[in-house]
Every structure is written in structure tokens, then in C-alpha cells.
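Participant: Sequence:
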Amino acid sequence: MFDFDMEAIDRVVISMDSTMQGILAAILIFMMFSVALGLRGSHFTRIVQAPGDVVSGLLVQVIGLPAVTMAFIHLLQLPASIALGLIIVASCPGGNVSNFFARISHANVAYSITLTALSGIFAVLMIPISVLFWGGLYEPIDLLLKEIDLDRGLFFIRIFAMLGFPLFVGMMIAHKHPDFADRLQKKAVPLSVVLLGVLIVITVSQNSDLLFSFGPSILSVVVLHNIVAFALGGIAAALLMKERGKFRTLIFEVGLQNTGLALVILLSEFQGLGGAALITATWGIWHMVTGFGLAGLFRLQDKKHD
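For our numbering, add 23 to where a residue sits in the sequence shown, where the first one is 1.
Certain hints may be false.
[Said to hold, decoys possible] Cut-off 25 Å, straight-line C-alpha distance, at most; resulting in silico cross-link-like pairs (DSS-like, lysine-lysine):
(1) K199 - K210
(2) K199 - K209
(3) K210 - K265
(4) K209 - K265
These are computed hints drawn from the structure, not numbers from a lab.
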């Protein structure tokens, strides 16, 4: 199933000059700023209202998914760049896409927004910590990071700054000028999606030969890993959530990740590692397929009970 030439895929690099890396950093900052504009105090008061549901949901996302991903990587003995891509995807928050699927699936949207908001804030610290911690537990990733000469301290500082600063500024604007923040976010979010889409199209078009060479094996890994993520969300939800709406929400929050954020981090901070970038881009496409499929099943279930 996984017909990887491990040395070949780990050598694949998506070449970028310093200008492109600067553009990627700017997109990352803008993405976090647009998310922060939508954060409100109500997202945090729900922690007091239902602390168990919020904390347990966050733990499944922030710790559970990366841990299960690491077990998945060890089980399949995946190439270093592929494994790194999966770890970064698993370390990212759910993003607005999970809120969308919660809404169309008649899940608990308020719970979804709260988890997305909090996981986005925790991402400032948890993404660099998670990537370095879990990556260090898999020797091929550890060796790859040494090979590309990743300065781990500088990586932590850069990610913290690029995620934390726009998050802080956006939250301050949202707190002091909520109406202005709402108007600005309505323009900022679509623009960030367009910028990310252009980036993905350019990246894929310039590296289409890689898709033909490694595409089938990469898709197989992505499909399996996404099934594992949704299964983790389903098991955790069955054990932890009594309300049907929250049950559905947690499944989406764990099974859908902010792959746009993951891709920008990979391309800007990891010297354009091709295998990792391909995994992330493919994940971003495939989880939309599974998201719509699961949403359809939930809606069908609702019709049967009506």
C-alpha cells in the first residue's frame, strides 16, 4: 500500500527564495489575525459553564491526536518527511472548517466555536512544543531535523511570535471595538482563504511531478490517518459527551485540522520539505471529503428520527 522510496521522498524539496518565505510568514500572521478578530469573551465563559466538556475536548485535540498520530507513524514506520507532516497536521487546531461542519450537521456550534477558539490560542505554545516533542520520539524525524539544521530554539520563538502577536492584536481589537472587528473579519477571513488557495495552487502546479511520483502512497496514508483521527474523536465523544450535539462536535474538532496553518508552517519553517508539504496539502483536500460525508450521515440520521 505504501510504496515509498524513503530516501527519495525525504530528499524532495519545494524550493523557495527568501521573498517567498517572507510572503508565507505574512500569510501565517494574517490568518491568525483574522481568526483572533472573531474571539469574544463568551467563548471563554463557557469554560466555567461546562468545564469538563471543554477541558476534555481540548485534551483530546491537543494531546490525544498527536499521541495517536505518533503510534500510527511507529506502526507503519513512515518516512521522516511524511511523519513530520502528519505530526504538524495533528498539532494544529481545528480551524473554521470544523465550525462549518458542526453547523451543517446540527451539532453544538457554540461548543465547536469555543474549542476552536481555545485550541487556536493554545496553538501559540503547543504547535512548536508538540512538533519538537513528538518529533523527537521518532528517530527518522529527529535525524531529519538535524539534517536540515533546524534551530529548535529559534523555531519556537518564530512560531510563538508569528502566531502570538497577531492573535494578541486581533483579540485587543475584538475586545475594544467589537463591531469594527466583525466588519473587518468578514473581509479578512475570505481574503486569507484566497491567499492560502493561491499558495496551494502555485505550490501544486510547480511540483505536479511529485504528485505523479508519490501521490497514490501519500493518499493512502492520509486516508488512513484521517480515519484514525475521526475514530479517536468518535471514541472520545462516546465516552465523554452525553449531549448529541457535543458528541458530533467533538468528532469534527478532532477529525478536521487547520491544514492551511500546517502547510504555511511547513513551507516557511522547514525548508520546503516536499513529502511533508504533500501530506499536508492532501490532508486538507481529503478531510473536506470525509467532513461532507459524515455531515451527510448525521443529517440523514436526523431525518430518520423526525
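Participant: Now, for every hint given, state plainly whether the structure supports it.
Facilitator: Right, here's what the structure says about each hint:
{"no.": "1", "hint": "K199 - K210", "in the structure": "holds, 19 Å"}
{"no.": "2", "hint": "K199 - K209", "in the structure": "holds, 17 Å"}
{"no.": "3", "hint": "K210 - K265", "in the structure": "violated, 37 Å"}
{"no.": "4", "hint": "K209 - K265", "in the structure": "violated, 34 Å"}
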